[in-house]
Amino acid sequence: MAKSIDVSDLNIYYGDFLAVQGVNMTIRARAVTAFIGPSGCGKSTFLRSLNRMHEVIPGARVEGKVVVDGQSLYGSTVDPVAVRRQIGMVFQRPNPFPTMSIYDNVLAGNRLNAKRMKKGEADSIVEKSLRGANLWNEVKDRLGKPGMGLSGGQQQRLCIARAIAVEPQVLLMDEPCSALDPISTSAIEDLIHELKSDYTIVIVTHNMQQAARVSDETGFFNLKATGEPGQLVEFNPTKKMFSNPDDPATEAYISGRFG
Amino acid sequence: MSTTTKDKPQAQEPVPRAITSVGDRVFAGLTLGASLLILAALASVFIFLFAKGLPGFNRAAEVYGPRADSFLGYVAPLLGGTVIAAIIALIIAVPLAWGIALVISHYAPKFIAVPVAYLVDLLAAVPSVVFGLWGVIVLAPKMVPAFDFLNSYFAWIPIFDGDVSNSGRTIITAGVVLAIMILPIITAITREVFSRTPRLNQEAALALGATRWEMMRLTVFPYGRSGMVSAAMLGLGRALGETMAVAMVLSLGGWSGNLLGPGNSSIAANIASKYKERSEDLLSVLIASGLVLFLLTFLVNFAARWIVGRAERKMAGA
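Chains as they are written, first to last, in this note's numbering: chain A, 52 to 310; chain B, 2 to 319.
The shape of chain A in the complex, shown without the other chains (with noise of 0.2 Å):
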């Protein structure tokens, strides 16, 4: 189900705005990758050009090559909608739908594959995907109430059960635990170390120690100079980025010497 990613001479563009330039990197099966880097350098910019999210905003395009276990994303009968259905996202916010129910929210999904579900199966994905975002405990009672009466915290687990009910071959995250308090966020970084078992996880993140907790492999993003576009400026095991980087701008970031 997990599967890797290859990222070659990836440029992205805002219409004639070059907003990330050059991009290489394998991000490697069951793992989870972090991003760091400033804000506005592009690293949300590039996780969302890995699920063509990106393409949301208006004259968004990409030059380069973002390759899916053999398959390339940006091939020209690549349909968006079928890479966002392999590759799914979790967002800095939670968003669950505000009219749906618990139990309707995870299976938001599953419905828009337009199989028709039995009541069984349907059950079973929904405690199935709750069990795995390690929210099962807290709501299995109160399924048909709705999602958004649920805490920060547990909207952000039930937008992950959401995203994982559909069986995704990689989980993309954008900051998310940057709405969250710090219990929630432990919770929500426990459960990444467990789903990495089964999903290829990429995670920007503006903690940096989170990053180091969480991460087998970082990446660090920086504009090249004000006005310049962003760039990936090393691209390492998390533990050599955090002792032992071999860029002097990486060692400057993570000491807090800017940024």
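Because the hints were derived from the structure by calculation, they are not lab data.
Just to be clear, a hint being listed does not mean it is correct.
To be verified - Under 8 Å between C-beta atoms, here's a sample of chain B residues computed to sit facing chain A:
| hint | residue |
| --- | --- |
| 1 | Leu201 |
| 2 | Asn202 |
| 3 | Glu204 |
| 4 | Ala205 |
| 5 | Leu207 |
| 6 | Ala208 |
| 7 | Leu209 |
| 8 | Gly210 |
| 9 | Ala211 |
| 10 | Thr212 |
| 11 | Glu215 |
| 12 | Leu219 |
| 13 | Thr220 |
| 14 | Pro223 |
| 15 | Tyr224 |
For each residue, glycine too, the CB sits at the ideal point set by N, CA and C.
Following the hints, put chain B in place on chain A, whose structure we already have.
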């Protein structure tokens, strides 16, 4: 605490005085005044209708003639015409308006969406007399073949059975004109609600692999449902009260049960066309019918508010 009102304990410590400025007091006064003024206006309209219209409920039988001999018999066909014309207008305008709103807010690129939105808003600026003229001179003759078709093939439905108007000036034509007139307000409100769908929710749907249409169904429609309904209800309120266009398109006479025939006039149109030939008795009857219309539109708006409020309460979560 067994304190009575007499020996209320005095505050021991001086309570810090609330900080007020002249601007706050002026603004509070202005808003209070404005809201009271609106209430007073509404109340005075109601009192006028009630006081002047009350005698109209039981006049001599010939006042209600030639078609009726009591107030109920007089106003019921007109009420029927009013409601049917408004419903025809809604059937045409609502799907169209929702569609236009969706195109403007989610499908069309900006350089098309902005002018289209502007054009639809412009429709609201056309005076209703102009719509009435257009309905009589342009639209009505063009509707006649359609009416003939309905009459020849669908006469087994009672509403299409009977004489067909030669001029095309029927309640269906009036409904079409009304539809165009209520299109802007429904479109404007729906567009506003659609475009306020949280981006976060739309992205959530897209990231799950929703197509554009599936994204609408998952987020835009549920989120905008109350707005869509209230927009339609506001349009209904307008269609019920619209006078000139209906008065010009329709000839006199209340609801006859045949959508293709002449007559089927509405309350508002009836008042407008009979107002000049008034006698005291007829005037009070007309005002009484106005009271009925007032209550009807009031109820419609009330229902709209209730539906919107219910949807909002539901959204807030239990």
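Results of checking the hints against the structure:
1. Leu201: Holds, about 4 Å.
2. Asn202: OK, holds: asparagine 202 of chain B within 8 Å of chain A, min 6 Å.
3. Glu204: 6 Å, holds
4. Ala205: 4 Å, holds
5. Leu207: Holds, about 6 Å.
6. Ala208: 4 Å, holds
7. Leu209: 4 Å, holds
8. Gly210: It holds, given that the least Cβ distance between glycine 210 of chain B and chain A is near 3 Å, below 8 Å.
9. Ala211: 5 Å, holds
10. Thr212: With a minimum Cβ separation of about 5 Å from chain A (threshold 8 Å), the hint on threonine 212 of chain B holds.
11. Glu215: This hint holds: glutamate 215 of chain B lies near chain A, its Cβ roughly 5 Å from the closest one there, short of 8 Å.
12. Leu219: 6 Å, holds
13. Thr220: 7 Å, holds
14. Pro223: 4 Å, holds
15. Tyr224: 7 Å, holds
Checked against the numbered hints listed earlier, the structure breaks none of them; every hint is satisfied.
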